[in-house]
Amino acid sequence: MENQNKEVLYGLYDDEEVLMSAVKKANEEHLDIMDVYTPFPVHGLDPLLGLSESRLHIAGFIYGAIGTLTAFLFMTWVFTRDWPIIFGGKPYFSFPAFVPIMFELTVLFSSVGMVITFYTICGLWPGSKTIRLNDRITDDKFCIAFETDNTDVQKLKDFFSSTGAGSVETATI
Amino acid sequence: MNQFSFESKQKSVLIGGMILGLICLAATWWVGDDGHHTRFWSNFLHNSVFFTGIAFLALFINTAFTTALAGWHVVFKRVFEAYSLFLIPGLVLMLVIIAGIWGHFHHLYHWADPQALLPNEEGYIDEILTGKSGFLNKYWYTFGTLIIVGMWIFFALRLRRFSVEEDKSGTTDYAHYKKTRLWSAIFLPLAGFSSAAIVWQWVMSTDSHWYSTLFAWYTTISWFVAAFASIILLMIYLKSKGYYENVTDEHMHDLGKYLFAFSIFWTYLWFSQYMLIWYSNNGEETIYFHLRRQNYPVLFYGNLVLNFLVPFFVLMRNDTKRKFGTLALVAILTLIGHWIDFFLMLKPGIRETAMHGHGEHTFALGYSFPGVLEFGILVGFASGFLYFVFSKLSQASLVPENDPYLGESLHHHV
Numbered sequence: 001m002e003n004q005n006k007e008v009l010y011g012l013y014d015d016e017e018v019l020m021s022a023v024k025k026a027n028e029e030h031l032d033i034m035d036v037y038t039p040f041p042v043h044g045l046d047p048l049l050g051l052s053e054s055r056l057h058i059a060g061f062i063y064g065a066i067g068t069l070t071a072f073l074f075m076t077w078v079f080t081r082d083w084p085i086i087f088g089g090k091p092y093f094s095f096p097a098f099v100p101i102m103f104e105l106t107v108l109f110s111s112v113g114m115v116i117t118f119y120t121i122c123g124l125w126p127g128s129k130t131i132r133l134n135d136r137i138t139d140d141k142f143c144i145a146f147e148t149d150n151t152d153v154q155k156l157k158d159f160f161s162s163t164g165a166g167s168v169e170t171a172t173i
Numbered sequence: 001m002n003q004f005s006f007e008s009k010q011k012s013v014l015i016g017g018m019i020l021g022l023i024c025l026a027a028t029w030w031v032g033d034d035g036h037h038t039r040f041w042s043n044f045l046h047n048s049v050f051f052t053g054i055a056f057l058a059l060f061i062n063t064a065f066t067t068a069l070a071g072w073h074v075v076f077k078r079v080f081e082a083y084s085l086f087l088i089p090g091l092v093l094m095l096v097i098i099a100g101i102w103g104h105f106h107h108l109y110h111w112a113d114p115q116a117l118l119p120n121e122e123g124y125i126d127e128i129l130t131g132k133s134g135f136l137n138k139y140w141y142t143f144g145t146l147i148i149v150g151m152w153i154f155f156a157l158r159l160r161r162f163s164v165e166e167d168k169s170g171t172t173d174y175a176h177y178k179k180t181r182l183w184s185a186i187f188l189p190l191a192g193f194s195s196a197a198i199v200w201q202w203v204m205s206t207d208s209h210w211y212s213t214l215f216a217w218y219t220t221i222s223w224f225v226a227a228f229a230s231i232i233l234l235m236i237y238l239k240s241k242g243y244y245e246n247v248t249d250e251h252m253h254d255l256g257k258y259l260f261a262f263s264i265f266w267t268y269l270w271f272s273q274y275m276l277i278w279y280s281n282n283g284e285e286t287i288y289f290h291l292r293r294q295n296y297p298v299l300f301y302g303n304l305v306l307n308f309l310v311p312f313f314v315l316m317r318n319d320t321k322r323k324f325g326t327l328a329l330v331a332i333l334t335l336i337g338h339w340i341d342f343f344l345m346l347k348p349g350i351r352e353t354a355m356h357g358h359g360e361h362t363f364a365l366g367y368s369f370p371g372v373l374e375f376g377i378l379v380g381f382a383s384g385f386l387y388f389v390f391s392k393l394s395q396a397s398l399v400p401e402n403d404p405y406l407g408e409s410l411h412h413h414v
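Taken in sequence, the protein lines are chains P and S. The working numbering applies: residue 1 is where the first sequence begins, and numbers increase by one. The working numbering applies: residue 1 is where the second sequence begins, and numbers increase by one.
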């Protein structure tokens with residue numbers, strides 16, 4: 001992770017429709033958006049920002065498959081090799097009885113694995129430093145943030161005023 | 001294009017399909033006849049039950065969506081309405097089966113045999129069938145079918161009328177929509193209980209001695225998946241003809257999600273029924289699976305491949321639900337898969353009844369596996385179903401212009 005401090009200029013918008021048209025305008029003017037922060041997922045924003053589809057679900061599938069195999073192999077080993085017991089006159093290897101546990105471990109592995117993967121990618125472990133430009137981003141404001149290191153700040157300010165940003169502020173993160 | 005026109009070319013193709021089906025159905029009267037014309041009657045019952053059930057589930061889905069305040073499906077809700085009206089010809093088809101029970105033309109149901117409740121040569125009475133005879137008798141079968149399917153038809157016609165009237169005289173206080181919501185909400189609990197009773201009579205009682213509490217749900221969900229699979233195929237066809245330009249990838253994606261989710265739910269019910277019966281190992285209950293697993297293994301395992309593995313692994317990814325090619329392929333496979341599921345529910349039990357419990361379940365086309373004639377009959381019934389649906393679609397605008405949820409549906413985005 002970078003420890004260098006970055007100067008950030010951000011504008012707050014009241015409405016997601018205004019935000020969407022501002023992002024479109026930024027793309028037209030080839031402004032390099034650092035990130036967009038919204039209180040809820042805005043439909044159609046990802047393709048505008050050029051974000052590719054998340055690959056988290058592929059990881060989820062792999063974790064799930066590992067869970068299925070773990071349950072199947074573990075129970076097969078326990079009930080046929082390690083400690084064979086006859087339950088209700090069924091054979092040692094009773095596949096239908098394994099299925100519910102295979103299902104449960106699939107769900108467990110894929111959900112816990114996806115949570116850990118997601119937190120690792122986003123750097124959200126306990127005690128980690130998080131970027132919070134403005135408290136109202138988690139409530140009702142929509143934010144576009146730019147890095148100001150190599151950019152013409154006046155051009156960004158013009159952009160914000162022309163697209164209807166409610167307030168424009170700076171921050172160091 | 002908001003008005004569907006039923007072209008004469010489509011008509012002649014569908015009439016050709018129906019004639020093919022009739023020829024195949026007539027052929028099964030003689031081909032492989034066992035003295036009761038069981039192959040003919042079981043095919044007739046199988047397809048009548050399958051398509052009538054799809055019509056009922058279309059009505060159920062429409063009312064459930066309305067009650068849940070769903071808006072995304074409203075653009076093509078006329079398809080659900082046209083499907084649900086097939087209950088009328090469906091009732092006529094079932095009346096043929098009922099006439100067969102009264103006239104003893106067929107031997108589909110053991111309980112309908114007048115000898116079934118009498119003592120046998122050794123003086124023993126069939127206690128299970130005697131115990132069930134309060135429900136499994138020709139009076140219940142006849143009047144139950146008439147009352148329940150009649151009630152479904154009443155709701156289907158009523159909801160269709162509100163919807164079509166709304167096009168012409170829809171007002172801004174949405175009086176038609178409010179009535180639709182009220183009658184949809186009334187229908188749902190009635191549909192839940194009555195569909196179970198219908199499944200017990202039409203399907204489960206072919207294995208007259210056997211019962212399973214889960215069976216009604218399992219069968220209903222089989223209809224549910226078949227209904228969605230056929231609606232996906234119909235929508236892709238209508239879009240290819242230039243109709244429903246406002247139905248986008250987003251709508252098809254949601255239809256695909258329903259196909260995916262309810263295929264898994266079907267598997268859940270299939271497995272729940274199987275595992276409980278397998279675990280308790282009670283001879284009264286295991287007979288159903290024993291008969292099918294020992295003598296019909298291809299269909300028994302093929303059923304799970306077609307209806308679980310294929311939709312699960314193909315539709316799991318996001319983009320396969322948005323590509324019409326893969327979606328259509330899975331829809332065709334699951335539609336045939338659930339037709340085969342009903343085949344497997346009905347045929348072995350009917351065959352056992354027709355052999356009076358004394359025969360071997362050896363390989364026979366039309367029982368162990370659907371023969372060419374069975375697929376011909378499927379084409380015939382499907383053509384008749386489509387002919388009816390197309391003629392109903394052409395009688396009203398394809399898009400309900402004054403539905404309050406139309407705007408939401410047009411802007412649907414997943």
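No wet-lab data here; the hints were simulated from the structure. Quick reminder that beta carbons are idealized off the backbone N, C-alpha and C, glycines included. Possibly wrong hints are sitting among the right ones.
One side of the interface only, derived from the structure: several residues of chain S facing chain P at Cβ under 10 Å [stated by the list, open to error]:
1) 143
2) 145
3) 271
4) 275
5) 279
6) 300
7) 316
8) 318
9) 319
10) 320
11) 323
12) 326
13) 414
So, going through the hints one by one against the coordinates:
1. This hint is violated: residue 143(S) has a C-beta 40 Å from the nearest C-beta of chain P, more than the 10 Å allowed.
2. Because the closest C-beta pair between residue 145(S) and chain P is about 35 Å apart, greater than 10 Å, the hint is violated.
3. Nearest Cβ of chain P to the Cβ of residue 271(S): about 6 Å, under the 10 Å cut. The hint holds.
4. Nearest Cβ of chain P to the Cβ of residue 275(S): about 5 Å, under the 10 Å cut. The hint holds.
5. The interface hint given for residue 279(S) holds, since its Cβ lies 7 Å from the closest Cβ of chain P, which is under the 10 Å cut-off.
6. Residue-level restraint check for residue 300(S) is violated (minimum Cβ-Cβ distance to chain P is 14 Å; threshold 10 Å).
7. Proximity of residue 316(S) to chain P holds as hinted, the smallest CB-CB distance being about 7 Å (cut-off 10 Å).
8. Using the Cβ-Cβ criterion of 10 Å, the hint placing residue 318(S) at the interface with chain P is satisfied: the shortest such distance is roughly 7 Å.
9. For the restraint placing residue 319(S) at the interface with chain P, the shortest Cβ-Cβ distance is roughly 9 Å, inside the 10 Å limit, so the hint holds.
10. This hint is violated: residue 320(S) has a C-beta 13 Å from the nearest C-beta of chain P, more than the 10 Å allowed.
11. Evaluation of the residue 323(S) hint against chain P yields a violated restraint, the C-beta minimum of about 15 Å exceeding 10 Å.
12. The interface hint given for residue 326(S) is violated, since its Cβ lies 17 Å from the closest Cβ of chain P, which is over the 10 Å cut-off.
13. Taking 10 Å as the C-beta contact cut-off toward chain P, the hint placing residue 414(S) at the interface holds, the least distance being around 9 Å.
Hints 1, 2, 6, 10, 11 and 12, counting from the list given before, are not met by this structure.
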